[in-house]
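**Student:** Chain by chain, the residues:
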Amino acid sequence: MSDQSPAHNLVFGMAGSGGDGIVSAGDSLLQAAAAEGYHGVMTKSFGSQIRGGESSCRVRISTEPILNPGGNLDVAVALNWEDFLKFGAELPVSGNTVVIYEAATLIPPDRIPLVGVVPRQVIPVPMTQMAKDTAGTERAKNTVVLGLIAGWFGIGAVAVMKGIRKKLAKKGEELVEANQRAFDAGRAFAMANPLRVNMNIVPSETKGALKLITDGNDMCAAAAIFAGCRFFGGYPITPSTEIMQFFTDHVWKYGGSVLQAEDEIAGIGAAVGASFAGVKAMTATSGPGLSLKTEMMGLATIAELPLVIVDVQRGGPSTGLPTKNEQSDLFAACFSAHGDVIRPVLAPTCVADTFRITVEAFNIAEYYQTPVIILSDQEISQRKETLDPIDVSQFEIIERLQPNAHDLKDYKRFAQTENFISPISHPGMLGGTYLASGIEHTEGGAPTNSGTVHARMNDKRTRKFDPLKDRKDLFEVLGNPSAPLAMVAWGSVAGVCREALQMALDEGLNVKLMVPYLLYPVAEGAYREFFASVRKGLIIEQTHLAQFHKLLRMHLDLPAGVRPLARSGANPFLPGEIVAALHNLLSELQRRHEGKLQPQE
Amino acid sequence: MNGTATCDFQPKDYKSDLKPIWCPGCGDFGVLQGIYRALAAIGRPPHEIAFVSGIGCSSRIPGYTTAYGFNSVHGRSLPIAQGIKMANPDLLVLAAGGDGDGFSIGGGHLAHMVRRNMDIAYIVMDNQIYGLTKGQLSPTSHKGLTTCTSRHGSLEEPVNPLLYMLAYGAGFVAQAAPTDLPGMAAIIEAAIRYPGFAFVNIQSPCVTYGMEEQQLKGLKAMQESLEGLGHDSTDRLAAMDLAQHYGRKLHLGVFYRNPEPPPTYGDLVKARQEELSKNALPVERILDLFIKK
Ligand SMILES: Cc1ncc(C[n+]2csc(CCOP(=O)(O)OP(=O)(O)O)c2C)c(N)n1
Ligand code: SF4
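Note that the protein sequences, when read in sequence, are chains B and U.
According to the numbering used here, the residues represented by the first sequence are 1 to 601, in order.
According to the numbering used here, the residues represented by the second sequence are 602 to 894, in order.
Please keep in mind that the hints were generated in silico from the structure rather than gathered at the bench.
Treat the hints with caution; some may be incorrect.
Simulated pairs of lysine-lysine, DSS-like, Cα-Cα distance not exceeding 30 Å [to be verified]:
#	chain 1	residue 1	chain 2	residue 2
1	B	Lys166	B	Lys207
2	U	Lys871	B	Lys253
3	U	Lys620	B	Lys460
4	B	Lys412	U	Lys616
Sequences are here, hints too, so could you generate the full structure?
**Tutor:** Spelled out as structure tokens, the structure:
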């Protein structure tokens with residue numbers, strides 16, 4: 001951002017104690033931004049307390065569509081330093097950040113506890129006092145913050161109060177007025193103390209255009225209901241629980257039902273039962289729950305029952321980091337369960353495409369009669385995005401293949417067919433009775449011990465997925481298609497890489513990015529095509545073991561210069577960090593070209 | 602039980618083409634006959650029946666029954682049966698399995714199944730041993746029993762399935778034995794007809810790893826009909842009193858039948874669906890929920 005011209009993009013980071021209303025302020029800011037026509041992403045983060053403790057949020061607002069919460073903060077708001085510093089890497093401050101903090105801490109601007117950075121400007125504001133003076137309560141200090149933001153950065157001047165008014169309407173005019181005074185005080189403070197540089201955001205061109213605001217979990221549940229899912233069986237676990245909550249709010253309206261089961265096994269078991277009965281069914285969980293569900297996933301595979309399983313990843317193993325992002329359930333999603341199993345694994349990269357990926361997961365489950373895993377992650381599932389309305393009429397909904405009168409004459413549930421997919425009957429269908437089983441079975445469904453039948457059935461159950469690997473629409477290639485420099489990234493990390501790609505292209509790098517939505521079975525062809533021009537590349541992922549890199553190498557030979565950029569833990573990748581890694585690769589490539597580096601291959 | 606049209610069916614109409622692989626003399630043969638008879642008495646056509654089991658010798662039973670069968674994984678018949686019932690409340694849903702399947706690995710599901718009061722009949726073939734895995738200790742094995750996993754005699758008290766079920770609040774709790782086939786068939790029939798969750802414990806001897814001939818005779822001697830005792834099956838406390846004799850006395854009959862069955866889970870689901878569907882957005886507009894004006 002230049003010092004004079006207004007910004008196209010602002011990243012706000014705020015932190016405070018539990019009661020400070022930080023997340024609610026972030027919500028208001030995002031909604032105001034959407035109302036004013038901007039695109040936005042909001043993430044929130046808490047300490048590990050159940051209630052109270054520290055909380056933080058990041059709100060990124062942009063004139064262009066965005067798919068990640070951004071890198072360093074443009075604006076940091078610290079209601080109290082102790083809490084702010086707890087979110088160190090999640091709220092990174094740089095020399096370009098304007099820091100606003102609670103003046104009551106009595107820390108002079110040149111002594112703020114940020115080590116190793118000199119922010120662009122540091123402004124103490126007596127937020128608590130202003131809240132008390134104007135609204136009569138400390139609790140309005142988040143509204144003061146919103147007023148400051150409106151004044152200094154030109155965002156939310158009208159829409160914030162409109163939103164607050166709506167939210168508080170039920171609680172009485174008095175409270176609305178008090179908040180209005182707090183907001184005005186914040187704005188007035190900002191006007192009276194202008195920033196050294198202009199940090200206004202460019203007015204949006206799409207002001208007044210309709211925007212949706214939601215997070216990945218709600219989007220996933222809504223998409224599932226749209227796709228025809230009428231049964232949900234689950235057990236609460238962070239960060240997936242909101243999916244079940246959405247179902248309990250809405251699925252009844254469409255003649256469906258939801259079961260909060262006694263554990264994950266019962267949750268997925270009920271979904272398996274519902275699917276057997278002919279209803280589209282889903283379960284959702286996070287890592288530890290996925291571990292419990294694996295036996296049932298194998299059952300659904302061998303009984304060839306459609307089922308969608310959402311795994312919203314958090315840090316593992318075991319209880320790990322319940323509220324923080326990771327991509328380390330990849331191996332578990334692809335491989336957990338005994339025996340020879342292939343189950344499709346799909347991953348959305350942002351809230352918006354969670355809709356498409358969820359509908360796709362149901363379509364694949366129904367068409368192939370198989371469990372499908374949607375590998376979401378904490379970042380996507382719990383961050384809010386502004387979205388343009390989605391034209392749902394463009395989505396095809398696929399139903400499972402049912403037997404016709406001819407099939408039912410001498411019905412064989414697991415009949416070997418040309419494409420390995422057999423018509424599936426369900427209870428109530430005359431002539432279609434059969435035994436579904438976890439034990440190996442003949443075409444007719446009779447239990448068998450025959451190794452020959454078993455081998456043939458394994459062949460049926462795995463080869464039926466071959467066509468899936470040819471689905472070009474489940475992969476996206478961005479940038480220069482013949483570039484020698486490449487990135488591959490999936491899930492929320494892909495959103496960061498999209499931005500890194502643009503930065504790299506703007507810097508003149510010859511680079512491309514592949515975003516797979518289908519992670520498993522590995523579509524060797526798509527990757528071979530992509531890597532044909534590649535000499536150096538990065539597989540970028542939030543895992544410790546570089547799981548995706550290993551998964552790809554299990555299935556194909558990657559060019560020797562392609563290596564993982566992998567790390568576990570909660571800290572998101574920053575676009576700038578990825579671009580720096582690309583520069584390193586590029587200089588290796590150039591040095592090699594100049595003969596300074598011996599080929600390693 | 603939710604019913605559609607019933608027709609004339611014979612027990613053999615529920616017999617499948619598969620030949621049971623149970624050991625000759627296994628009690629489960631009798632249970633199978635009892636199920637055929639009960640289903641014929643009820644007269645629901647096979648394609649409207651879903652019969653779910655877990656894993657074990659006993660859990661093979663849906664395979665021998667003409668119906669939509671599901672021979673699932675160990676201990677999990679009840680969750681699957683619940684999903685089926687919720688997805689299609691019009692089906693007649695039966696669940697069955699062994700004592701290991703039901704009270705050990707699947708034991709955690711029982712209380713919740715009862716709590717939800719779905720209209721499902723659950724039949725346990727209680728042989729007090731693990732049959733399929735060849736004779737290990739089961740949760741209903743009596744204390745001191747010597748098996749290949751308790752060579753010096755087990756140290757644990759058995760669970761009491763009847764008392765469990767009564768304590769959980771089940772609306773229908775009964776015990777039967779294949780030594781009295783007509784009585785057992787009648788009890789299974791009554792369980793299926795009960796509108797809500799119904800539990801039948803069947804003393805079904807394992808002749809290979811469980812009972813010696815001598816013990817089988819003993820079992821018969823222990824047999825006593827609840828009706829003969831003048832037990833009032835609407836009296837839950839009296840039922841609990843009698844249930845304490847589990848393992849020492851073989852009471853056959855209905856321990857408890859709630860005279861005023863409460864609404865089933867299915868009834869409640871239907872009511873909720875009807876109530877909430879009144880203000881549903883068309884499903885194509887579900888994303889409108891996310892519009893912030
Ligand atoms: C998860 C799992 N654990 C263990 C087993 C092995 N197993 C199969 S049947 C069985 C016990 C069967 O006993 P019971 O349920 O009493 O039935 P029975 O064979 O006596 O009729 C066990 C332990 C299994 N199939 N799955
Ligand atoms: S092992 Fe026992 S329970 Fe199993 S079939 Fe043989 S007799 Fe029946």
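**Student:** A separate judgement is required for each hint: does it hold in the structure or not?
**Tutor:** To see whether the hints hold, each was checked on the structure:
1. B:Lys166 / B:Lys207: Judged against 30 Å, a Cα distance of about 20 Å means the pair holds.
2. U:Lys871 / B:Lys253: 11 Å, holds
3. U:Lys620 / B:Lys460: Given that 30 Å is the threshold and the Cα spacing comes to 26 Å, the pair holds.
4. B:Lys412 / U:Lys616: 18 Å, holds
In this structure, every one of the numbered hints holds.
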